[in-house]
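Participant: If you want the building blocks of each chain, they are given just below.
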Amino acid sequence: MSTTEVLISELVEKHGRTRNSLMPILQGIVQQEKFLSEDAMVSVARELNISAADVFGTASFYTFLDTVPRGKNVIRVCKTISCHMKNKDEIIRALENALKIKVGETTHDKEYTLLTANCLGWCHKGPVMLINDEVYPELTPESALKIVNEHMHSK
Amino acid sequence: MSKYMVNLKINNMPVSVEEGTTILEAARQLNFKIPTLCNHPDLTVAGNCRVCVVEVKGARQLSAACATPVSEGMEVFTNSEQVRTSRKHIIELLLSEHNSDCTKCQKNGSCELQSLAFEYRVGDHVLMSLLKPEDLIPDISSPSIVKDNSKCIHCQRCVRTCAELQGVSALGVAFKGNHQSISTFLNKPLNEVVCTNCGQCINRCPTGALTERNNIEDVWNALYDPNKFVVVQTAPAVRIALGEELGLEPGHRVTGKMVASLRKIGFNKVLDTDFSADLTIMEEGFELLNRLRKVLVEKDETVKLPMMTSCSPGWIKFIEHIFPNLNDHLSTCKSPQQMFGAVAKTYYADKVNVKAQDMVVVSIMPCTAKKFECDRPEMRSSGFKDVDYVLTTRELGLMIRQAGIDFASLEPEGYDSILGESTGAAVIFGATGGVMEAALRTAYEVVTGREVPFTNLDIKPVRGMEGVKEASIKIKNVKPEFAHLEGVELNVAVAHGLANARKVMESVQNGTSNYHFIEIMACPGGCLGGGGQPIPTSKEIRDKRAEAIYEEDLNMPIRKSHENPDVVAIYEEFLGEPNGHKSHDLLHTHYKVRNRY
Ligand code: SF4
Ligand code: SF4
Ligand code: SF4
Ligand code: FES
Numbered sequence: 000m001s002t003t004e005v006l007i008s009e010l011v012e013k014h015g016r017t018r019n020s021l022m023p024i025l026q027g028i029v030q031q032e033k034f035l036s037e038d039a040m041v042s043v044a045r046e047l048n049i050s051a052a053d054v055f056g057t058a059s060f061y062t063f064l065d066t067v068p069r070g071k072n073v074i075r076v077c078k079t080i081s082c083h084m085k086n087k088d089e090i091i092r093a094l095e096n097a098l099k100i101k102v103g104e105t106t107h108d109k110e111y112t113l114l115t116a117n118c119l120g121w122c123h124k125g126p127v128m129l130i131n132d133e134v135y136p137e138l139t140p141e142s143a144l145k146i147v148n149e150h151m152h153s154k
Numbered sequence: 000m001s002k003y004m005v006n007l008k009i010n011n012m013p014v015s016v017e018e019g020t021t022i023l024e025a026a027r028q029l030n031f032k033i034p035t036l037c038n039h040p041d042l043t044v045a046g047n048c049r050v051c052v053v054e055v056k057g058a059r060q061l062s063a064a065c066a067t068p069v070s071e072g073m074e075v076f077t078n079s080e081q082v083r084t085s086r087k088h089i090i091e092l093l094l095s096e097h098n099s100d101c102t103k104c105q106k107n108g109s110c111e112l113q114s115l116a117f118e119y120r121v122g123d124h125v126l127m128s129l130l131k132p133e134d135l136i137p138d139i140s141s142p143s144i145v146k147d148n149s150k151c152i153h154c155q156r157c158v159r160t161c162a163e164l165q166g167v168s169a170l171g172v173a174f175k176g177n178h179q180s181i182s183t184f185l186n187k188p189l190n191e192v193v194c195t196n197c198g199q200c201i202n203r204c205p206t207g208a209l210t211e212r213n214n215i216e217d218v219w220n221a222l223y224d225p226n227k228f229v230v231v232q233t234a235p236a237v238r239i240a241l242g243e244e245l246g247l248e249p250g251h252r253v254t255g256k257m258v259a260s261l262r263k264i265g266f267n268k269v270l271d272t273d274f275s276a277d278l279t280i281m282e283e284g285f286e287l288l289n290r291l292r293k294v295l296v297e298k299d300e301t302v303k304l305p306m307m308t309s310c311s312p313g314w315i316k317f318i319e320h321i322f323p324n325l326n327d328h329l330s331t332c333k334s335p336q337q338m339f340g341a342v343a344k345t346y347y348a349d350k351v352n353v354k355a356q357d358m359v360v361v362s363i364m365p366c367t368a369k370k371f372e373c374d375r376p377e378m379r380s381s382g383f384k385d386v387d388y389v390l391t392t393r394e395l396g397l398m399i400r401q402a403g404i405d406f407a408s409l410e411p412e413g414y415d416s417i418l419g420e421s422t423g424a425a426v427i428f429g430a431t432g433g434v435m436e437a438a439l440r441t442a443y444e445v446v447t448g449r450e451v452p453f454t455n456l457d458i459k460p461v462r463g464m465e466g467v468k469e470a471s472i473k474i475k476n477v478k479p480e481f482a483h484l485e486g487v488e489l490n491v492a493v494a495h496g497l498a499n500a501r502k503v504m505e506s507v508q509n510g511t512s513n514y515h516f517i518e519i520m521a522c523p524g525g526c527l528g529g530g531g532q533p534i535p536t537s538k539e540i541r542d543k544r545a546e547a548i549y550e551e552d553l554n555m556p557i558r559k560s561h562e563n564p565d566v567v568a569i570y571e572e573f574l575g576e577p578n579g580h581k582s583h584d585l586l587h588t589h590y591k592v593r594n595r596y
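Top to bottom, those sequences are chains A and B. The first sequence lines up with residues 0 to 154 when you count with numbering that gives the first Met the number 0. The second sequence lines up with residues 0 to 596 when you count with numbering that gives the first Met the number 0.
Rather than coming from a laboratory, the hints here were simulated on the basis of the structure. One should not assume that every hint holds.
[What the hints assert, rightly or not] Straight-line distance between alpha carbons at most 30 Å, and here's what the computed DSSO-like set of lysine-lysine pairs gives:
1. A:K101 with A:K124
2. B:K303 with B:K354
3. B:K478 with B:K581
4. B:K478 with B:K559
5. A:K99 with A:K78
6. B:K175 with B:K131
7. A:K13 with A:K99
8. B:K87 with B:K227
9. B:K581 with B:K591
10. A:K71 with B:K175
11. B:K56 with B:K87
12. A:K109 with B:K175
13. A:K124 with A:K85
14. B:K227 with A:K33
15. B:K2 with B:K87
16. B:K87 with B:K8
17. A:K78 with B:K175
18. A:K124 with B:K175
19. A:K13 with B:K502
20. B:K2 with B:K591
21. A:K101 with B:K175
22. A:K85 with A:K99
23. A:K109 with B:K187
24. B:K538 with B:K559
25. A:K85 with A:K13
26. A:K78 with B:K559
27. B:K384 with B:K227
28. B:K175 with A:K85
29. A:K33 with A:K71
30. B:K478 with A:K101
31. B:K293 with B:K475
32. B:K478 with B:K293
33. B:K187 with A:K71
34. B:K175 with A:K33
35. A:K101 with B:K131
[What the hints assert, rightly or not] Partial list, derived from the structure: chain A residues whose beta carbon lies under 10 Å from chain B:
36. M40
37. V41
38. R45
39. I49
40. A52
All residues carry an ideal CB built from backbone N, CA and C; glycine is no exception.
Isolated chain B, as found in the complex (with noise of 0.2 Å):
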């Protein structure tokens, strides 16, 4: 259906835009920026900040420019007298309860509010501060994220990213006029409430009234300790990433100069969870064959399908709260970073003569959930923690500046072995569908002994950004050891954001969808729009990080996980078989049951 168009003048100039597009777009078409806080391309449209107030001829107030469609003949002004006036006002109300201490905020130079006082050249209070005390005291209870009231403007963005793209409502709008206040159920601290530490929030608002909990200087001393030997492992999308927070633009795939940083950070191995991702599809791979031979052929009614992928840790703390009779569909795979730290501590560590204790795991993570699920009791397989501390890939590039390394002319260097090996099929891990994908690849050669039917090994059903993907393969012409899955025709399905994961899990619940094995990311995107990569985030840049991972799949020698050889290598000497007893102490984990508020 093609739409009318409607003619406008902006400062004068002429413009022709589809009806409802709102006077915010029409502006940006003709190079004009409007000034915004509270809107976001990823949510919906609060109008509630006012800071895009734009004068329409003949309207008697100003219109906010981002909840405003265009209408024919319509004249707006963006930098009259008076919107130039009301703008710089509304800064000022803003900061009047804001506890405007930007040289000690983590948000220090990538604050939007602080850039907007910059270009508005804010000068001094003209008005009386109404921050509230009790405001002042930050609630640091989860390991994930930090929420400072002091520094909420109200915009909302977390509220409406919590609701519309994670289905959670952790965070709501309490109380009301100069009481109001963005809170959990009841005012409790964070790691009480269904927060499922996505960190979603935190990469779509606009100050530093959210950020992620702080390690480096954790790892900083680490490093500095002569008695440890600190080895980092980098999770598939922080290659895909980290250039952004260090001044390229997205898409750049920078794998090799983030290698070499860490090793110029002082890293004593740099490592690849990559390495683990390809463990976990021989683990979860084969639990999927065995949940469907104990479903099909021994109708064993305690084993439950569709199985679920456990891989992402906001995911998990998710289902834990609002689905918990659907744990059991859980894999019992642990995710790849705790995989690697089990692993790590224990074979690893034997291989490179050192103990365990003196062993510091740092996981480099597009995550802030992985910062919870490092320190869940259940992951302590080798006796230790089995992963000491998460980095997200922002506070790496943090790290990066302060150590003073200029990374775009480094040298690219390839990881350390072993436990440096990687295959396409792990750094897909890093994209929505990409666990699904790199499991097909191996579940069904084993199965037939064949290459998945696909061209290029690429499963494009389950690629792209669509929020629920399914797919079905049909399985032919098996080996004989698996006759029991001839003819089957295998659904799977994947989804993306939580407030998608929670459609499909509705759908299990109630019995109307027929899957055998399901893929859940938290994050919309998957890792690659994780909560813990480069700010700001929108629909276009993480089509671009898609790109780059789906580049670094088809540019890497190997593709399948069965192939990667420090996973052949660790079956022969160490493990025995996919979820043989030893995988069974370390690789696999259980699950909890949380309240539902």
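Chain A extracted, bound-state conformation (with noise of 0.2 Å):
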């Protein structure tokens, strides 16, 4: 068995085989391995005995539920119209320059990808962007450029 199909045991084994445990099943999977590979959609609906369009369906729904390969640390910064008002372009173009990478690609290493979010919840602190499930409010290009690269470090 590949790690891919031992964590959807572990996972099956703790949520159960209903189609409601489809969520958190998918979930666990993208906290460990950042997406859902062809292969994990595949396991997890023959061991929910659904289909695998009814997986791919369900997943590609959900923003968070990657179905693309992603680097070990997802940065979103929220793209909508408060933090849109705020110069979220200007966040951006930053972390852009600084990862060398554009919106939705993964740096070389495989350490970072960059994505955009719809509304974070977070307006009244806009500009916002996660770091993985971390949130970090009322950037300026500087304290954006500084939060990423503490992350860097801090490992």
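Using the hints, put the two standalone chains together into the complex.
Facilitator: Shown next, in the form of structure tokens:
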């Protein structure tokens, strides 16, 4: 069994085989592997006795359930109106330049993926970004770079 | 339990209907037709297209008539100014995302969206086109089905069909908002996923987004080629449905007119799949008796029971994907279409003195999966492609119109001989339970020397539209060579629609059933409800087609497969005996293990 299959059987053990357990299982995989591979989706479909198209349909509905490979860390900059009015574009430009990737891409060393996200619910403190599950509000291009820099060196 | 009656008014007219009735159904009782797109009588309610909106007095917003149950004292308006304006606007919104090139569309003339747009006289587009360029390339990977997202209105009838009726869910809804699309797993081409090619989604798609792969031009080209000898075979379920394609009401038997029109179109010989359906019964019946002997007497553990029928290529692909561990339960018999092809290009080619390479075999089928089946690499027993082209009932309807034939006024004609002989047993292949009934009529008689103990040979327990049917026959007073079957209670099951097939397969897998023989047809109602049959479809329409099939059976002079003179002759002159060496080469096949997604 591949590590993904082992992970999936643990998650199925924990959450059960009903249709309701699909979401927690997919979230569990993304937490470990950062994205849902083709094999992972097929295995989940087999375990829950549902179709792979259904698994893909559910996964593709949620932005945070990625179906393409992502880096170890995912940075998401809010792109919705309040953050937009507060210059989220500048934040993105600064991050793109620093990481040498465009939105949607992953750094060469597979450490960071840069994405945008819909409203993160921090409109009063925009612009905001997420690094994995951590929120960083009231950004400036400088502070954003500093935060990413610290993140890089904190490991 | 009697239901409460609810009183309401629709367009100021009072009506009283059972509790739980929707506004849509209540309005129909008063003869008000409310337009629908996502609603379909075979499927659960989705309520997503909104063209059925009506005004309910006191409600803040318009309500979807298909998804709103009636309530006491309700006042509904189906044609108010607000309703008509909204409805027109909804149609315009649908068209703003639509590739409206009706003149080049397969559904031109039979499209529900087109006729709505026509009824509401939707004019110049006031809305910006939101058609996505990537949707303009249709998926033509499947030999059976063309999926054209640029024609899709996201009503999800196909998704519900594939899930609710077929239990396959090859199609799902992916992404959201303006990116939403009807998608296979990872948007893979249809021929790479679990799609069984059954075509049930085509039968329920209101637009040209799902259509069959059209082979009409291939067939015309073969007919125009002076060096080709083109024979045509017609499946049992075509003769009771083709009329619908040509303006007749459901339930008309048009066998003779169909034969006449095929001759007029120019086929060299007009032959009958019924012949090979009878041949299938011989092969499959004897295979069942062999399996019973091997299991009961020889205790051979490599031989599997229950045996399952193999005439439905949608069902075959389904089991290969979903239950490949049960493949050995499948009868090794080819479908009647493929038996016909294999015999046509060998035995028959000799008889009519035509070289197999000069013969083109065309099938008229109620089925889209047969297009896939004839392409399978196993289906070349004659050394050539045994069946060259498959046309659906719908495509034949179109060909008849292209040929300028006035179908209604045709004088009925008979099939050519040989391979044109049919029995009642073969005709009922077209209805769910028919293969079982035909097999029992023959097998019981082979074993006991007596006819099946049912009035008129009608084995009623396996007929009808129940999703899974069961029956048992006690075998008594057998011939000496079948002593091992004396007193055996033969348990059979019949399922139609792959969602029902799945239930039966699960019972086989868990060991909770005790069947000896199972008939499965991929399509609801059997082939009469096949994915290549006339559109629309509904339970009422399928019931009428079934009645017509059993009428045809009852009117046949011969009603048992083993008495078909062409079948008797082919065993005497060519095949030897059922399940013999030659049969094995030409009439039997094997199965694959396919991927699970
Ligand atoms: S799907 Fe219907 S409306 Fe659309 S192009 Fe085809 S015929 Fe016209
Ligand atoms: S052809 Fe049948 S299996 Fe394939 S997508 Fe349509 S309904 Fe599903
Ligand atoms: S493919 Fe046809 S049935 Fe399916 S959602 Fe689109 S329009 Fe509806
Ligand atoms: S038919 Fe009622 S919402 Fe589509």
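Participant: All hints, please: hold or fail.
Facilitator: Against the structure, the hints:
no.: 1; hint: A:K101 with A:K124; in the structure: 25 Å, holds
no.: 2; hint: B:K303 with B:K354; in the structure: 39 Å, violated
no.: 3; hint: B:K478 with B:K581; in the structure: 27 Å, holds
no.: 4; hint: B:K478 with B:K559; in the structure: 19 Å, holds
no.: 5; hint: A:K99 with A:K78; in the structure: 20 Å, holds
no.: 6; hint: B:K175 with B:K131; in the structure: 14 Å, holds
no.: 7; hint: A:K13 with A:K99; in the structure: 40 Å, violated
no.: 8; hint: B:K87 with B:K227; in the structure: 52 Å, violated
no.: 9; hint: B:K581 with B:K591; in the structure: 23 Å, holds
no.: 10; hint: A:K71 with B:K175; in the structure: 26 Å, holds
no.: 11; hint: B:K56 with B:K87; in the structure: 21 Å, holds
no.: 12; hint: A:K109 with B:K175; in the structure: 28 Å, holds
no.: 13; hint: A:K124 with A:K85; in the structure: 10 Å, holds
no.: 14; hint: B:K227 with A:K33; in the structure: 60 Å, violated
no.: 15; hint: B:K2 with B:K87; in the structure: 36 Å, violated
no.: 16; hint: B:K87 with B:K8; in the structure: 24 Å, holds
no.: 17; hint: A:K78 with B:K175; in the structure: 17 Å, holds
no.: 18; hint: A:K124 with B:K175; in the structure: 27 Å, holds
no.: 19; hint: A:K13 with B:K502; in the structure: 27 Å, holds
no.: 20; hint: B:K2 with B:K591; in the structure: 51 Å, violated
no.: 21; hint: A:K101 with B:K175; in the structure: 23 Å, holds
no.: 22; hint: A:K85 with A:K99; in the structure: 23 Å, holds
no.: 23; hint: A:K109 with B:K187; in the structure: 26 Å, holds
no.: 24; hint: B:K538 with B:K559; in the structure: 28 Å, holds
no.: 25; hint: A:K85 with A:K13; in the structure: 43 Å, violated
no.: 26; hint: A:K78 with B:K559; in the structure: 72 Å, violated
no.: 27; hint: B:K384 with B:K227; in the structure: 14 Å, holds
no.: 28; hint: B:K175 with A:K85; in the structure: 27 Å, holds
no.: 29; hint: A:K33 with A:K71; in the structure: 7 Å, holds
no.: 30; hint: B:K478 with A:K101; in the structure: 81 Å, violated
no.: 31; hint: B:K293 with B:K475; in the structure: 20 Å, holds
no.: 32; hint: B:K478 with B:K293; in the structure: 18 Å, holds
no.: 33; hint: B:K187 with A:K71; in the structure: 27 Å, holds
no.: 34; hint: B:K175 with A:K33; in the structure: 21 Å, holds
no.: 35; hint: A:K101 with B:K131; in the structure: 24 Å, holds
no.: 36; hint: M40; in the structure: 7 Å, holds
no.: 37; hint: V41; in the structure: 5 Å, holds
no.: 38; hint: R45; in the structure: 6 Å, holds
no.: 39; hint: I49; in the structure: 7 Å, holds
no.: 40; hint: A52; in the structure: 4 Å, holds
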